[in-house]
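Asker: Dock chain to chain to rebuild the complex, using the hints, since each chain is given by itself in its own frame.
Protein chains in written order, with our numbering: chain A, 81 to 405; chain B, 13 to 269.
Simulated from the structure, these hints should not be mistaken for lab results. Treat the hints with care, as some may be off.
[Claimed, not checked] For lysine-lysine, the following DSS-like pairs were computed, each having C-alpha atoms within a straight-line distance of at most 27 Å: (1) LYS161/A / LYS249/B; (2) LYS259/B / LYS35/B; (3) LYS177/B / LYS74/B; (4) LYS226/B / LYS163/A; (5) LYS226/B / LYS249/B.
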Amino acid sequence: MLNIFAGAVGLGLIWAIVTSGIFISFRVLNMPDLSVEGSLVTGAAVAAMLIIAGAHPILALGGSALAGACAGLITGFLHTKLKIPALLSGILTMTALWSINLRIMDGRPNVPLLRVDTILTPLTNLGLTRDHAIIIIGLIAIIIVIAVQRWFLTTEFGCALRATGNNPHMSTAQGINTDLMKVAGLACANSLVGLAGGLLAQYQGFVDVQMGIGAIVIGLASLIIGEVIFGRTTLLRSMIAVALGAIVYRCIIALVLEAGLAATDLRLFTAITVAIALWMPTARTQIDTISRRVRNKGSSFSDGPRPSFALFPGSSRQKPGKGDH
Amino acid sequence: MLALNNVNVTFNTGTVNEVHALKNMNTLLEQGDFVVVVGGNGSGKSTMLNAVAGSYLVDSGKIVLDRTDVTWMSEHARAKYVGRVFQDPMRGTAPDMTIEENLALAYRRGSRRTFKRGIKAAERTHFRELLASLDLGLEDRLSTRIGLLSGGQRQAITLLMATLKKPRILLLDEHTAALDPKTAARVLEISVKLIEDDYLTTLMVTHNMGDAIKYGNRLVMMREGEILFEATGQQKKDLTVPELVDKFISAGVEVRA
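Bound-form chain B, shown alone (with noise of 0.2 Å):
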């Protein structure tokens, strides 16, 4: 469960560039919601997942994750919490380590990190196991550097890792966005696979009408950091792209289908 209450973000404070991106933003996930966020560019969709993750402070406002307070909580320490996959393959492996090291260290998000070994073998077996789920031929390739795979191999990794310790939320932001469209379409099919064999509670950014419709129970449209339109349930699977555009642009904001 996540409940954001009142959260106010603003950059460039007091400059002319002033934004104030998130504007007493006011939200409540169930467990299990799987919410995807539209919105144009700099409607504050990313702003809304960097303050859940920690990434930024937020100036006022409550963000609760579970029963547990993370307002003032730092980025690594909430990391115990929140899975996260960026837009940017590269951003969320580490290249010059190996898959089984990038799965090991995701294995301990939220533990202290000691001086034991840092890959075990019962782990190894595990890891394979996962990447042999994913059906990317990965499974053999436990010691091969990550900075060897592709963009779209490298994201289904992160996948991996961003939810291989249960997280109460997991961030997805335009996490397919910078991969082909069949790319896509396969990594966004594993994420749905394991936001719904984990019932994991989250919150996925996209610029992709059709996607928006298909996946998740929730449908946010944000402008200018304020929630422009919601849809639940039928409501939302009853949505068509042309429809979803329309409301765009009547809020003003240019997309194409």
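With the rest of the complex left out, here is chain A (with noise of 0.2 Å):
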């Protein structure tokens, strides 16, 4: 049981780098960036590539953050400068991203990482098991990702770009370019789902074309979990509760998967957590609405016909628990 969960731990640490990346777009900027099924799988395939081609593999993660931001800076263009919906423009990128992907990995659509040194060799030389080296490095990782995504959002340019992604309009008249602060927020979003993205070429010892499919619902999941289990008072508290959204994320899927849940079905069972928890704001009015409903039926129908001020859900609202005692 604890094996399973320092496997879950260890790719949750990963998959938190690319939900703080989903957290740029989709928090920082409001808009949701599809790309990142594209960008993933291009840092791992640079990764990948400049390992077998003898690079370091800390250089190779470099490569894969500059790649991804590559494919988010593409985004950025299509959508600020061709005007292109945001949805769209990510579809576009992504789908482009695959044939780009199995260039950088000569037309195989996987390309494995035998014998050769990653980033986890130091430390499995010390005698860690390969999950336990990535949940060192993955800390490491996820604490530098933190630690940095906190300094720049706090910095000028990063209050203009969460004030673009808040307020578009206050943000022009206040002189804000917003469309430079969109296309640098994509590159910074992808470059970290880039960077995971080579992390995870180096943990499983392969890369796979289709290896990104499901991440952007995957990321939304963890990064809605997370809020909602541990809060976003704060820019900083945000971002800690999504990265450690994903390791609840990847804990709780190593749970149903040892309860019996298929492998196949996991897509549907994620899809559906996604579904819930994006209703969820939703739910609560909805909910609300049919309670009041409830309690209020009594007197306007028995009554006869409603009196007209029910039009108002406000005005005939029975203040809860009153006359109970």
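Answerer: Right under this line is the structure:
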């Protein structure tokens, strides 16, 4: 049982970096960016090919981040300069990246990383298992990512980036080049996703051109789970929360698989989780409306036609608990 | 100083819905002029403000701000010279950011956004003093999210943001129209104080005829993209609400006093 969790936490830490990237596009920029499905693989492919070519594993990760950033730039260009809706821009980049990723991988859909030094090698040489080694490396990586992100988002530039996602009208009126901010934000988001891809390739020991499918939904699930459980009162708290969310998500997945869910049903499970999580804010008001109707039903129906003021939900509302005791 | 020379703006060009929103508009605002713009819906008041701010590019003509030709300058670049307050109180501030973060963003209007700290300690003290001068009890709530404030409070902060870096022109587009009468009066008072303190050149659109007469040193009435009537100085002071309403009615515009 512990072994399953060691693997889940290690993988969760890598996905925490993906989720941090999605936090920038989805939360800070308020833009659903689907290019991550492609940039994750791009990052993985670049890292794998660089390592095979003899590059240092850490340098390879730098390459992953850079490649991811380029993917973000393309999405940003499509969205801000060609004025293509954000969702579609991401889909276009993701589709284009499929071909580019195969090019990077020399036309092979799967590239194994055998008998080469990865970022895990120094630790496994010390006698650690791969799962434990990735926990240490993932932990260091996510701490650096959150620290840098926290610094970045509170700089003048970072504040302008947040304002762009929060209120574009106000941002323009305050002299912020919102197009530039969107492009920069998407580049940052995808560079993190690329970096995570590079780590994932080194941990798993292979790159598969399909490995990015579902990344956006997994990332969103992690982000929302993290925010719901750990809160989002401050910027730092939100960033830590979404990272923890990725780990919790991986543990949940490990548990349901252990409980007997077929691995092929995982995506259905994830999609349903995200749908429910995204519905939650609306669900609260819907449930509230239903309960108000039920509470007021007795008076308004038994006394004949509904009084006209019942048209205004607030005015006919009974204070809960009044007269109960 | 703001000069508009033969400015034309057309919407939906070449369709049946073509609207000539500004027709050969010519106007000159001297430094410190406080011009109140009135006119019915669709008269081109907001279009004029948006053209000055750069939200719409003009078809032809020239817009000059203090000897800088800004006609073809993008909206965000032009923001260096322009302070704006919109009708919708939600539009002027970033709701999920704090009061101090919003003010700090405005404090950097016109400068490059660098990788230095977004807010400096000295700025906080400065912001606190400015907020205290609004007399709305906001000086102790610097780290409150703007989204938690009322429309009036948000509009007052937007005003502060628009004037924090002295703009060459301040554009107020019906900025009190969405507020209750008491709050509207308070926000207008704050506006006038900020304008007078800094001797700001201002264009203010309003539908309130009383305010139009009470404030500013010039009054401009617009209809169908043209200036119909203008009053300055003593002539403006002597105007009465019924007179102004009469002018509206004779111009074929429906109003309430």
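Asker: If you test the structure against every hint from before, which numbers come out violated?
Answerer: 1 and 4
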